Amino acid sequence: MAENLKCSHCSNPATVHLTQIVNNKIIKVDLCESCAQAKGVTDPEGFSLADLLSKTHLTPEGGEPQITCTACGLTTADFRRTGRLGCAACYTSFIPLVRPVLEDMHAGTVHKGKVPEVAYSRQTSAAQLQDLEEALQRAISEEAYEDAAKYRDQIQAIKEAVDAEAVQS
Amino acid sequence: MIESLIKADNAELTQGTKKGSPVVLSTRVRLARNLVGTPFPERANSAQRSDVMTRCAEQIADLTQMKHGAFFDIAELTDLEKQVLVERHLISRELCESKSGSGVFINKDQTCSVMINEEDHLRIQFLKTGFSLRSVWKQIDRFDSGLETGLDVAFSPEFGYLTACPTNLGTALRASVMMHLPGLVISEHMDKVIRAVNQLGITVRGLFGEGSDATGHVFQISNQQTLGESEGEIMSRLGSVFKTIIDHEINARFKYLEENSARLLDQIGRGFGILQNAHVLNSNEAMNLLSLMRLAVDFEMLPEANRSDIDRLFIECQPGHIQYAAGEGIEPDARDLCRADTLREEFARLPALDFDKVKNLG
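Here the protein sequences come in this chain order: A and B. Convert by adding 44 to the 1-based position in the first sequence; the result is the number in the working numbering. Convert by adding 1390 to the 1-based position in the second sequence; the result is the number in the working numbering.
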């Protein structure tokens, strides 16, 4: 072989060369024998290149962002090792690392399917309520009573909407 | 613990075979779901895992689709019981390996199973024999919407349902069918089919073996991508690919029958003879012979009514089931004797092969 390819996971000489077409794009991955074994490439039962991509696609070149999830403590190194996120909040913390791999992995990068209407509106209303409660307390302590009245009405409206939905479902 | 599941007389996979479903054995859809505010199972501590278990169990037990269902704590099952559940596609191998606080709900007719604390907090699966993507989707969609009324499911408008692995993001939906493809394997077209569907983001795996030459000629075919398309789009794309594969399979069978009639009839005839008379049969040989018998039903050489017996034996002749039926922890060699005994008894009850039928077909 003209050029000596290096394993895209460690830097040993690569002896396993994989090509797969994902989403009409040719994707090539080069691995050394021990990484190929470790990644389960030799076991067709459990192997998918998409899985592997999440671990090798973004090999650091100029050093990649070192992130730690504030909710669960997952680090960039953890993510690279397992290819898995640690909790729902990781999808906010790790956006710079996750977003680029999605394009190769999936048919698109934005969700187009089902929305859990009930659970999601409950969560967003809960978050809104918390923000409004805080704003209300702040307004009261600053004696901005006109603002406080406005926040109180908004809180009331959200609570009523949530109750109405609960009755419906 | 799993006695009642094995003895059930209404289990979908072993009793529910549809008449006239020559290629597709079963259809499955699974959804991954996680709860907000608790780390995914792999990073959760045991208190968090058991909290997830409690919250999910309460909600699941409330759903009408789970009425009269059963719950199994993975830590309380023996290795053999777990193997039997894997062979019945009710749990995954990954769940068997999981830490404490993992379990599975299985409904009465075994069409629905919900794994808790597998890779994701919840893995919901619905299964039906035959080819029925739409109706399985309808059922799982309703079940999922029911769960969501009482559980805060992790969701983002951009990425959809949030999953431990980014490969499942979005709809978190994996739809698959089990296909019996002896025609494509024998005519050596399977490699070509696998390559072609891979390009469309669809995965093909042998159910009982690897590659294009899977034991028993049974393959699991499913979507790889979950984000960027709606559930409906994913399934209609899959559906049209499945239909194309079915057409190719049927054509390959008739072409083979036309060109190699004597050879095919000989294989089926010999297979039937072995099943009726063998005293030692390993799992691979049994699966390959059962594959020929399913083909014999498709060619009307055996009555349609016996299709469900053959599909049941595909499940019941796997190592875990044979061992479970034998009672004690028997050696692999002894398993092959038990398997041959079972098959001899079953095939003694079948009528002789009707070779004239297939001559008319050709």
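Since the hints were derived computationally from the structure, they do not count as laboratory data. Just so you know, these numbers come straight off a predicted model, no measurement behind them. Glycine residues also receive a C-beta, built at the ideal position from the N, C-alpha and C atoms. Be aware that one or more of the hints could be misleading.
Covered stretches of chain A, as calculated for chain B (at least 3 residues, CB under 8 angstroms) [to be verified]:
| id | segment |
| --- | --- |
| 1 | 130-139 |
| 2 | 181-188 |
| 3 | 193-202 |
So the derived list for chain A, only partly shown, Cβ under 8 angstroms to chain B, looks like this [claimed, not checked]:
| id | residue |
| --- | --- |
| 4 | C116 |
| 5 | P160 |
| 6 | L173 |
| 7 | L176 |
Tested hints:
Counting residues of the segment 130-139 of chain A whose beta carbon lies closer than 8 angstroms to any beta carbon of chain B gives 4, which reaches the threshold of three, so the coverage claim holds. Taking a C-beta to C-beta cut-off of 8 angstroms, the segment 181-188 of chain A contributes 0 residues in contact with chain B, too few for the three needed, and the coverage statement is violated. Residue count for the segment 193-202 of chain A with a Cβ under 8 angstroms from a Cβ of chain B: 0. That is fewer than the three needed, and the coverage hint is violated. For C116(A), the suggested interface contact is upheld, since its CB lies about 4 angstroms from the closest CB of chain B, less than 8 angstroms.
Look at P160(A): its Cβ gets to within about 4 angstroms of chain B, closer than 8 angstroms, so that hint holds up. At its closest, the beta carbon of L173(A) sits 14 angstroms from a beta carbon of chain B; the interface hint therefore is violated under the 8 angstroms criterion. Checking L176(A) against chain B: minimum C-beta separation of about 19 angstroms lies over 8 angstroms; hint violated.
Checked against the numbered hints listed earlier, the structure breaks hints 2, 3, 6 and 7; every other hint is satisfied.
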